[in-house]
Amino acid sequence: MEAASVPGGDRALLARSPLARLPDRALKYGLTALAALILVLIVYFFFRLVGEARPAFAKEGVLGFTFGSPWNPSAEHFGALPLVVGTLITSMLALIIGVPVAVATAVYATELCPRSVRAPMTILVELLAAVPSVVYGLWGIFFLAPKLQPAEQWVADKLSFVPFIGGGLVTIPNYFVAGLILAIMILPIVSAISREVMSTVPADHKEAALGLGATRWEMIRIAVIPYCRSGIVGGAMLGLGRAIGETIAVTILIGDAPQLGKQLFGQGYSLAAVIANEFGEAQGVHRSALFAAALVLFVLTLFVNVIARVLVMRSARGKSATPGGGVARVADVAAGA
Amino acid sequence: MSAPAIDGEVLARFNVSPRRRRRDAIARRTIMLATLIALVPLVLIIYYLLSKGLGAWSSDFFTTDPTGNTFFKNSNIGGIKSAIFGTIEMVALASVIAIPIGVGVAIWLVEYGKDSWFAQTVRFFIDVLTGVPSIVFGLFVFIVLVVGTGSSFAGWKGSIALSLLMLPVITRSAEVILLLVPDGLRESALALGAPRWRVIFSVVLPTALPGMITGMLLAVARAAGETAPLLFTAAATKATSFNLGGFMNSLPVQIYNDVTSPTTAVVNRAWGAALTLVSLILLLNLVARLIARRSRLT
Amino acid sequence: MTPARPTTNVTDMDPDSRTEPNAETSAGPPRGPIVAREDADTAAAAAPENGAARAAPRGVAVELEQLRAFYGDSEQLRGVDLAFRANEVTAIIGPSGCGKSTMIRCINRMHEEIPGARAEGRVLLDGQDVYAPSVDVVAVRRAIGMVFQKPNPFPTMSIYDNVAAGLRLTGRRGGDLRAKVESALRSAGLWDEVSSRLDEPGAGLSGGQQQRLCIARSLAVDPEVILMDEPCSALDPIATLKIEELIAELKTRVTIVIVTHNMQQAARVADRTAFMLDGQLVEVGPTQEIFTKPGDSRTEEYVTGKFG
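Protein chains in written order, with numbering that gives the first Met the number 0: chain A, 0 to 336; chain B, 0 to 297; chain C, 0 to 307.
In case anyone wonders, no lab produced these hints; they're calculated from the structure. Be aware that a few hints might be false.
Here are some, though not all, of the chain C residues that point toward chain B, as calculated from beta-carbon distances under 8 angstroms [what the hints assert, rightly or not]:
1. Leu124
2. Leu168
3. Thr169
Every beta carbon over 12 angstroms from chain B, so not counted as near; a handful from chain A, in silico [said to hold, decoys possible]:
4. Glu75
5. His76
6. Leu158
7. Pro162
8. Pro225
9. Val284
With a straight-line cut-off of 25 angstroms between C-alpha atoms, the simulated DSS-like cross-links for lysine-lysine are [stated by the list, open to error]:
10. A:Lys146 with B:Lys51
11. B:Lys80 with B:Lys51
12. B:Lys51 with B:Lys237
13. A:Lys27 with B:Lys113
14. C:Lys149 with C:Lys241
15. C:Lys241 with C:Lys179
Quick caveat, the model's predicted, so the values are computed rather than measured. Virtual Cβ for every residue (Gly too), placed ideally from N, Cα, C.
All chains should be modelled from the sequences, with the hints used to inform the complete structure.
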């Protein structure tokens with residue numbers, strides 16, 4: 000095919016003037032710079048935090064700080080062990096109570112619930128995520144904790160032979176109530192992720208189980224839950240990450256015991272709570288110790304979240320995105336998924 | 000295998016044992032029960048908010064500032080006007096900061112970065128940001144902007160902390176939506192000879208807009224409810240202020256301060272403020288979902 | 000054990016010979032399904048009142064009576080009457096959308112798992128209506144097994160666990176369980192290939208092996224009937240052949256109903272063939288006849304490839 004001579008054939012047909020290309024390049028480099036800025040910000044963030052925490056680590060040693068006890072600002076002795084343990088106790092409680100309930104709601108919504116009820120029920124569970132943390136604290140301290148106190152005392156008395164749970168007087172702020180509120184707070188996110196994973200179980204597998212003559216529960220047990228295992232665990236870990244970092248509700252409900260709490264129904268402390276309570280008036284080494292606590296908290300949540308993401312991503316790999324899942328996913332993300 | 004069976008009894012051989020039947024029934028009932036249990040706290044919270052909060056609501060409640068006279072009974076404790084305005088102002092500023100940056104990063108991730116190692120790294124760090132406890136954001140802003148500059152607390156510093164919180168949420172939700180825009184749309188625009196930036200602004204963004212607004216509103220709702228980032232950055236002040244350069248009150252901080260008060264009237268005010276805050280958040284959530292419904296992508 | 004290969008081969012047919020001397024296709028204008036003569040016995044048996052089980056005619060494992068199936072308001076199956084003989088292989092053929100998959104899913108009551116779907120009519124298993132209110136659907140599914148179009152071993156289970164899955168539900172354990180698993184795998188012709196790696200995941204096998212694993216899984220619970228919904232459509236020719244050989248062996252133990260869109264396959268494996276069109280049964284009879292001397296013109300058109 001011969002190239003015909005084009006009228007005005009000097010004009011390069013395919014070039015654009017540099018001016019016309021400017022917006023494109025400006026956009027590209029501008030946005031790339033923005034993305035890079037985020038990275039720089041976070042790295043800077045981490046280094047500043049470490050810098051502020053250094054005096055405290057210098058005083059107590061990194062291990063001495065993290066695993067020492069007690070936390071005694073007036074004596075200038077800063078052992079974070081009671082805080083770390085308190086954080087872990089409340090978070091574990093949140094997992095133990097919250098995850099089974101969340102998974103149950105997900106199973107109900109995807110497998111057992113009549114179709115007309117499904118949407119309203121899902122929205123109700125997600126509404127739990129709309130309640131801000133300070134309102135949970137408010138409700139917890141004025142309603143839940145007093146209401147539970149008699150029952151807690153009964154358990155403590157009946158199980159007085161069991162270490163940690165039994166014996167002693169039940170105080171209003173205590174580990175258990177803090178853990179319970181955390182369980183309620185992580186419900187929406189664990190439920191949402193479990194629901195999303197369960198809705199991707201191929202009908203094939205469910206039919207194979209039913210075809211063998213399995214009851215509905217048996218089908219869920221052998222075809223649905225094993226398939227979703229890593230996704231559910233990932234969701235649980237995201238919930239754990241949220242529970243570890245939760246500040247305000249826990250601060251209100253855990254008390255401020257500087258020692259390792261002796262009982263489940265007694266006061267305790269947590270990493271986030273100590274920062275919230277003491278930062279306002281802290282000076283010098285005390286302030287540095289609080290930064291150190293923040294660093295420990297940051298590293299802990301980082302660790303848990305990375306594992307969680309890997310698990311959720313692995314379970315999602317190979318499963319096609321559900322077109323209608325957009326709203327759910329956007330909402331999950333906003334709820335802190 | 001198919002020996003002539005006695006009529007009507009062939010299925011009996013395969014019948015489900017009562018044990019299995021019982022287990023199935025018990026399992027299903029337990030699951031349903033657990034689901035109901037999950038909904039109980041919500042009902043109780045709403046009930047309490049309404050019963051205690053509505054009692055505190057009055058026109059004075061919304062139009063007067065808290066007075067700080069909280070130690071004596073019967074003294075006038077005021078309302079929550081400064082808290083409401085403070086929240087609105089600080090969250091608005093935080094949104095103005097976080098939305099362009101968040102959407103910008105999302106656009107970069109989807110349109111330019113795609114799956115490069117750099118983009119993966121950025122995504123990883125955004126995920127890291129999602130998991131950071133909100134109090135740590137407050138501390139960071141404190142280090143950099145309060146201690147670092149030797150100046151004091153200010154409303155805009157609180158906004159910065161809130162925007163750090165909103166950023167990963169907006170970016171991830173925007174990315175999800177942008178990925179849902181069909182490639183075919185982009186390709187047909189490019190095939191018409193439109194430059195990339197034009198394709199993004201005239202084709203991709205308008206299609207993605209409702210979904211992205213949903214994500215933004217949900218991020219705003221989340222920021223409105225956060226207390227911890229504001230504790231060391233904005234400080235609470237009693238008077239209504241429109242000066243973001245000075246101290247500023249906010250609903251969550253006001254509630255937090257009131258929770259520990261021994262005065263009943265103050266606690267009631269906290270409930271009223273809590274009801275106000277939750278109503279605001281629910282309203283934002285509702286609008287967000289309604290907009291999402293109009294999106295062609297979700 | 001050399002498998003007995005079905006010798007029916009359409010191209011060999013001598014149109015004048017009859018393999019079953021008293022089979023005659025009914026003459027005259029086709030009205031409703033055409034049924035070969037000896038089926039007339041079953042058709043004539045009186046239907047009892049109020050759904051009580053009636054005397055199962057000798058040799059019939061499953062019988063459909065006026066079976067209709069709906070997806071919401073749309074009627075997919077319009078009143079099918081069809082009998083499947085015990086220890087035989089019956090093939091269901093027809094163009095896509097004719098309702099063949101729907102029909103077999105109604106037999107083991109899987110059809111009703113789809114939201115909004117329902118069935119009417121009776122499905123008699125050895126004389127007992129599986130749709131009777133007193134019947135437990137779970138028992139039905141155990142008695143009537145199913146092999147699906149796409150092999151679907153449970154992905155999180157090993158080969159052993161896959162076969163054992165159905166047995167474990169009824170509480171079989173230990174040595175007893177092992178014996179049954181081995182026996183099922185042998186019957187499916189898979190034992191030699193997997194006996195050394197029973198702990199490996201079921202999903203790691205080739206397509207054909209996976210499908211035989213699914214067959215073993217169904218066999219393990221000793222069903223009366225096995226329904227197969229285009230079991231070979233996702234497999235290569237060699238794997239398909241192996242499964243067809245398997246079907247020929249298995250029919251001495253169970254009754255097999257196989258839906259297939261591949262007419263050569265029907266000709267190879269099936270004793271009897273039923274042709275469906277538009278949700279209705281057009282004709283049923285010995286496979287040879289359906290393919291060589293179909294009674295209905297529509298059957299002839301389909302079989303000779305004029306449509307579908």
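Hint check results:
1. The closest approach between the C-beta of Leu124 of chain C and any C-beta of chain B is roughly 6 angstroms, which is under the 8 angstroms cut-off, so the hint is satisfied.
2. Proximity of Leu168 of chain C to chain B holds as hinted, the smallest CB-CB distance being about 7 angstroms (cut-off 8 angstroms).
3. Given hint, Thr169 of chain C at the interface with chain B, holds; its Cβ is 7 angstroms from that chain's nearest Cβ, closer than 8 angstroms.
4. Here Glu75 of chain A stays apart from chain B, with its beta-carbon at least about 21 angstroms from theirs, past the 12 angstroms limit.
5. Residue-level check passed: His76 of chain A sits 22 angstroms from the nearest beta carbon of chain B, beyond 12 angstroms.
6. At the 12 angstroms boundary, the C-beta of Leu158 of chain A stays outside the reach of chain B, the nearest C-beta of that chain being 22 angstroms off.
7. With a cut of 12 angstroms on Cβ distances, Pro162 of chain A stays outside the contact zone with chain B, its closest approach being about 28 angstroms.
8. Separation of Pro225 of chain A from chain B is adequate, the least Cβ-Cβ distance of about 16 angstroms exceeding the 12 angstroms criterion.
9. Under the 12 angstroms C-beta cut-off, the non-interface status given to Val284 of chain A relative to chain B holds; the minimum distance is some 15 angstroms.
10. Under the criterion of a C-alpha separation no larger than 25 angstroms, the hint pairing Lys146 of chain A with Lys51 of chain B is consistent with the structure, at around 16 angstroms.
11. At most 25 angstroms may separate the alpha-carbon atoms for a hinted pair to count; Lys80 of chain B and Lys51 of chain B meet this at roughly 19 angstroms.
12. A C-alpha spacing of about 23 angstroms is found between Lys51 of chain B and Lys237 of chain B, which places the hinted pair at or below 25 angstroms, so the restraint holds.
13. Straight-line distance between C-alpha atoms of Lys27 of chain A and Lys113 of chain B comes to about 13 angstroms, which keeps the hinted pair within the 25 angstroms bound.
14. A C-alpha spacing of about 16 angstroms is found between Lys149 of chain C and Lys241 of chain C, which places the hinted pair at or below 25 angstroms, so the restraint holds.
15. As the CA atoms of Lys241 of chain C and Lys179 of chain C are separated by approximately 22 angstroms, the hinted pair is consistent with the 25 angstroms bound.
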